[in-house]
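Protein chains in written order, with UniProt numbering: chain A, 1 to 222; chain B, 1 to 268; chain C, 1 to 276.
Hints listed in this document are in silico derivations from the structure and should not be mistaken for laboratory results. Check before you lean on any hint, since a few could be wrong.
[What the hints assert, rightly or not] Quick partial rundown of chain A residues pointing at chain C, CB under 8 angstroms, derived from the structure:
| # | residue |
| --- | --- |
| 1 | S80 |
| 2 | Q87 |
| 3 | E90 |
| 4 | L94 |
| 5 | K178 |
| 6 | C188 |
| 7 | V190 |
| 8 | Q195 |
| 9 | L197 |
None of the values given here were measured: they were computed from a predicted structure. Glycine included, C-beta positions come from ideal geometry on N, C-alpha and C.
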Amino acid sequence: MEPGGAAMAAAGCCLRPFSCERGLLSRPDGSAAFVQGDTSVLAGLYGPAEVRGSKESPERATLEVLLRPKVGLPGVGERSREQLLRQTCEAVVLGALHPRTAITLVLQVLSDAGSLLSCCLNAACMGLLDAGLPLSALFCGVTCALDAQGAIVLDPTTRQEQEARAVLTFAIDSTEKKVLMATTRGSCSVEEMQQCLVAAQRAADTIFQFYRDSACRRYSKS
Amino acid sequence: MAEGGKMAAGSGKMAAEAAVGQVVLPGDVLLLPARPGHDAEQLPLGSEAAPRGRLLCGPGLRRCAAGLLVTKCGLLRHRQPGGGGGAAAGGAYWVDSQQKRYVPVKGDQVIGIVTARAGDVFRLDVGGSEQASLSYLAFEGATKRNRPNVQVGDLIYGQFLVANKDMEPEMVCIDSSGKASGMGVIGQDGFLFKVSLGLIRKLLAPKCEIIQELSQLYPFELVLGMNGRIWVKAKTVQQTLIIVNILEACEYMTSEQRKQALAKLSGN
Amino acid sequence: MATAFKTVEPLEYYRRFLKENCRPDGRELGEFRATTVNIGSITTADGSALVKLGNTTVICGVKAEVAAPAVDSANKGYIVPNVELPSLCSTRFRSGPPGEEAQAASQFIADVIENSQIIAKEDLCIANGKLAWVLYCDIICLDYDGNILDASVFALLAALKNVQLPSVTINEETGLSEVNLKQKNPLVIRKHPVATSFAIFDDTLLIVDPTAEEEDLATGTVTVVTDEEDRLCSVHKPGGSPLTGAKLQDCITRAITRHKEVKKLIDKVTKSIKPN
Chain A
1 MEPGGAAMAA AGCCLRPFSC ERGLLSRPDG SAAFVQGDTS VLAGLYGPAE
51 VRGSKESPER ATLEVLLRPK VGLPGVGERS REQLLRQTCE AVVLGALHPR
101 TAITLVLQVL SDAGSLLSCC LNAACMGLLD AGLPLSALFC GVTCALDAQG
151 AIVLDPTTRQ EQEARAVLTF AIDSTEKKVL MATTRGSCSV EEMQQCLVAA
201 QRAADTIFQF YRDSACRRYS KS
Chain B
1 MAEGGKMAAG SGKMAAEAAV GQVVLPGDVL LLPARPGHDA EQLPLGSEAA
51 PRGRLLCGPG LRRCAAGLLV TKCGLLRHRQ PGGGGGAAAG GAYWVDSQQK
101 RYVPVKGDQV IGIVTARAGD VFRLDVGGSE QASLSYLAFE GATKRNRPNV
151 QVGDLIYGQF LVANKDMEPE MVCIDSSGKA SGMGVIGQDG FLFKVSLGLI
201 RKLLAPKCEI IQELSQLYPF ELVLGMNGRI WVKAKTVQQT LIIVNILEAC
251 EYMTSEQRKQ ALAKLSGN
Chain C
1 MATAFKTVEP LEYYRRFLKE NCRPDGRELG EFRATTVNIG SITTADGSAL
51 VKLGNTTVIC GVKAEVAAPA VDSANKGYIV PNVELPSLCS TRFRSGPPGE
101 EAQAASQFIA DVIENSQIIA KEDLCIANGK LAWVLYCDII CLDYDGNILD
151 ASVFALLAAL KNVQLPSVTI NEETGLSEVN LKQKNPLVIR KHPVATSFAI
201 FDDTLLIVDP TAEEEDLATG TVTVVTDEED RLCSVHKPGG SPLTGAKLQD
251 CITRAITRHK EVKKLIDKVT KSIKPN
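Just chain A, same shape as in the assembly (with noise of 0.2 angstroms):
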């Protein structure tokens, strides 16, 4: 495990100690964890793989995200978290590169102790960062929730989340630092939108860090 703790006491944030084991499983042709405090998703990634079926496109690589939850079947919240990961992917990934392929990603939650989505987002970012396809960017997941009282906390356990008047989570980009991806749950006001945003970007920084010290740390080896 390579721990991005230290890097982030300095930075003075306040997301939770966060670490990242990358090409742990030995089938697919990517697999990344990422652990957040006390939440983890396993990621694991095939592809370009042969396609099935109707899913082919002459164009580009279709993208497939199944989402495992820990416990029983997937279900609609699922499906639609899967929706959000697989668009933000395709994003980023060049998939004209490979047409007529598949590419599967495959996150498994390990557990899930608040900020799950970006949990998610990071894993399957390192996934396809492990598996070596084609990206145009990065992108990094943060969760932000306002509290009672309008102050944001990064990165929330589950406790804060239930507490939160609102929680947003956003794919950031490492390019530019804008917006991939946006989720809310709860009312805020706009001017609160954009502070969370602001502080999502620049907990980011921390992150893609974190991103480019694990890649210089794992090609140091060889």
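With chain A fixed as given, assemble chains B and C onto it according to the hints.
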């Protein structure tokens, strides 16, 4: 800015030359030095002597407005044009990345497994997204009468004649002059296994230490496919498996660890 | 000629229009299609509304049932939304179990209900811990021409405003519920959420209320839901082209003006029905 692999946390821009040997991430932009004669500002010393070479944009890189856009994570490599020294504008840049999934590239020599015979062609599994085709005439000395003896399940060492993203890859087992030059059906016995594409490239590099060290142990036959497949055959099954285990372990061992392991083996 | 060009190079065809700040159907970039709403179109439902956004047609029916409330929230009723995209509304959908888009839309509507507190669930309680209303909100698309989310949220709101619930009392002696069908009360609508969707063209241009064609060509979509206090009930951007905070702000500003337009329309229609 690019020192010690430290860049701005997000995606950075840096001069391509400064980034050689560094880890780059998708989204990074590599700025190319201005061409000689166009803009003298960014030119390093001694560039006047360099020929104006063509710049090749290798795997993991794409051209963009500002220079080169990195699309894969790995170490940036650079080769000078024509072996000459000092050229800044020319040469080839590429990203050396760790990957498991193979994507066919024209000219690559790979190991395929015959999965079917369909009329005049064989279907080969090469580990890519699609099966490759191999004509029965694409063997040394093969004619309409004299068909090669290829069965389903056989291993074939061949090279790609056609490999692009829009077409089915096509393999041949002859070179341009019609000679087999080592390609064709791989003999019976032996052992086939898979390693990462990065390790294969390392093994195929000229004067690879690992291969040289292994060859000191005892004689064995070795076929390396660019698609990550390795076929090994030694005198006994035990000897074959020793080679397999060492090669598989090379993925994670440092050169010191490997030397120690080999020393132990040769001592026995 | 133009039709041939459109078939061969649909994206370029659109770009030429967008460069002139208009769209092939004559709208400006920030203009919605003609919006019509018909309230109470299904007489057998407890509340219903039909919304048309250009060609996109969505019908919402609300069916009320009584059930025992959940143990952990004894004083709350239920709202169960469901979006259906049947194969009759577009060739892109197949019959059978709901596809990804329908499921994602259902989840979005459920999120909007939850986030906006359109109805306080406590209002649906009849007897604490014993009986509560369940509102099944079925949203069915009849004609799919893009922007299904805006139409669905509008149809849901209009249908909920149309709901008339009979008064239910619990007989103290028998413990059974008695329904008085003569006396009907409307629901208390606490908030009026209105959704506004945008399509992103070529990573930079934002166009409002995209048609199905525009959605296919676009590189991303954004849906902003606001209430009458200009608070955000949902900012839903499922991937696609990245946007800056400033662009997002533009979307929100447009969504706020759209809210006023929709509110005016819905007030006008409800007023026209009242006299009956």
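Identify every previously stated hint that the structure contradicts and give their numbers, smallest first. Per hint list: 4 and 8 violated.
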